[in-house]
Amino acid sequence: MGGDDGCIADARQHAAAFLDQAGEEYGLLITARVRDLTQLVVSELVTNACKYAPGPVLVELGLTAGAVEVAVWDSGPELPTARAADPGRIGGHGLEIVKAVSEGLSVDREAVGKRITARIALTEPSAVTGASGSGPAVTTAPPG
Numbered sequence: 257m258g259g260d261d262g263c264i265a266d267a268r269q270h271a272a273a274f275l276d277q278a279g280e281e282y283g284l285l286i287t288a289r290v291r292d293l294t295q296l297v298v299s300e301l302v303t304n305a306c307k308y309a310p311g312p313v314l315v316e317l318g319l320t321a322g323a324v325e326v327a328v329w330d331s332g333p334e335l336p337t338a339r340a341a342d343p344g345r346i347g348g349h350g351l352e353i354v355k356a357v358s359e360g361l362s363v364d365r366e367a368v369g370k371r372i373t374a375r376i377a378l379t380e381p382s383a384v385t386g387a388s389g390s391g392p393a394v395t396t397a398p399p400g
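Numbering (my numbering), first residue to last: 257 to 400.
Quick caveat, the hints were computed from the structure, so don't treat them as lab data.
There's no promise every hint is true.
Cβ-Cβ distance ranges computed for the label pairs, FRET-style [said to hold, decoys possible]:
1. T337 x P310: 25 to 31 Å
2. I346 x L284: 36 to 42 Å
3. Y282 x L314: 20 to 26 Å
4. T379 x G344: 24 to 30 Å
5. T320 x A265: 32 to 38 Å
Beta carbons are placed, not taken as given, at the ideal position from N, Cα and C, and that holds for glycine.
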């Protein structure tokens, strides 16, 4: 993706098409919840990549055991930092949102840039894991 304004909408459409195809090919029930959360995560991560990193953005979608995996690569060298929740802050909530709706979130340095990967559960979260609202831990891998 080129990093222009239209790339965010394109990324969301590609995510929806990926889920449709995965549902058909693998006989998976892709719920409206999974579709909406996947598109939200794609939108937030691509928005951040376009806003904070120069150059192209790469979006990868995949299925793992029980989850949709969304990975977004950009050429920016700086790793994002999750800020404390602040309802009075205007903007800057993208990573908070991704963290809240994902069952896992990781940030990895690449030879050039970074890759942020979020996992969205294909099934409804249980009352035990979804009750705290704290979201998953964010892991950051060292350069390597």
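Going through the hints against the structure:
{"no.": "1", "hint": "T337 x P310: 25 to 31 Å", "result": "violated (19 Å)"}
{"no.": "2", "hint": "I346 x L284: 36 to 42 Å", "result": "holds (38 Å)"}
{"no.": "3", "hint": "Y282 x L314: 20 to 26 Å", "result": "holds (24 Å)"}
{"no.": "4", "hint": "T379 x G344: 24 to 30 Å", "result": "violated (35 Å)"}
{"no.": "5", "hint": "T320 x A265: 32 to 38 Å", "result": "violated (26 Å)"}
Checked against the numbered hints given earlier, this structure breaks hints 1, 4, 5; the rest are met.
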